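Could you put together the complete structure from these sequences and hints?
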Amino acid sequence: MNFVGAIDQGTTSTRFVVVDRTGRIVAIDQREHTQIYPRPGWVEHDPMEIWRATA
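Using the working numbering, read the sequence shown as starting at 19 and increasing by one per residue.
Everything labelled a hint here was simulated from the structure, so no lab data went into it.
In this text the structure is predicted, and so the values were computed from the model without any measurement.
Cβ atoms here follow ideal geometry from the backbone N, Cα and C, with glycine treated the same way.
Just to be clear, a hint being listed does not mean it is correct.
[What the hints assert, rightly or not] If you anchor each label on the Cβ, the simulated ranges turn out as follows:
id : residue 1 : residue 2 : range
1  : Arg39     : Trp60     : 42 to 48 Å
2  : Trp69     : Phe21     : 30 to 36 Å
3  : Trp60     : Asn20     : 42 to 48 Å
4  : Arg70     : Val36     : 18 to 24 Å
5  : His63     : Asp38     : 19 to 25 Å
6  : Arg57     : Val37     : 37 to 43 Å
7  : Ile25     : Gly59     : 24 to 30 Å
8  : Thr40     : His63     : 32 to 38 Å
9  : Asp38     : Gly59     : 41 to 47 Å
Listed below in structure tokens is the structure:
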């Protein structure tokens with residue numbers, strides 16, 4: 019059986035989804051990112067935290 023994996027890099031989390039040949043989701047995982055607010059109206063993320071959640 020063949021599978022395809024996809025990374026969804028969002029603003030608040032990283033999600034990884036595995037689907038089979040019919041498009042059925044067979045696995046999913048999500049890791050949230052810390053939101054850093056250095057000033058009102060700004061948001062930043064630690065790129066190494068995102069990398070660790072993805073890798």
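Do the hints match the structure? See the list:
1. Distance hint check for Arg39 and Trp60: the Cβ-Cβ separation is about 43 Å, which falls inside the suggested range of 42 to 48 Å.
2. Taking the beta carbon of each, Trp69 and Phe21 are about 23 Å apart, not inside 30 to 36 Å as hinted.
3. Between Trp60 and Asn20 the C-beta distance comes to about 43 Å, which sits within the given range of 42 to 48 Å.
4. At about 20 Å, the CB distance of Arg70 to Val36 agrees with the hint of 18 to 24 Å.
5. Distance hint for His63 and Asp38: a CB-CB separation of about 32 Å, inconsistent with the stated range 19 to 25 Å.
6. Range check, Arg57 to Val37: Cβ separation about 40 Å, and the 37 to 43 Å hint holds.
7. Taken as a hint, the range 24 to 30 Å holds for the pair Ile25 and Gly59, whose Cβ atoms sit roughly 28 Å apart.
8. Separation of Thr40 from His63 is about 35 Å and conforms to the stated range, judged on CB atoms against 32 to 38 Å.
9. At about 43 Å, the beta-carbon gap between Asp38 and Gly59 stays in the expected band of 41 to 47 Å.
Violation of the numbered hints given earlier is confined to hints 2 and 5; the remaining hints are satisfied by the structure.
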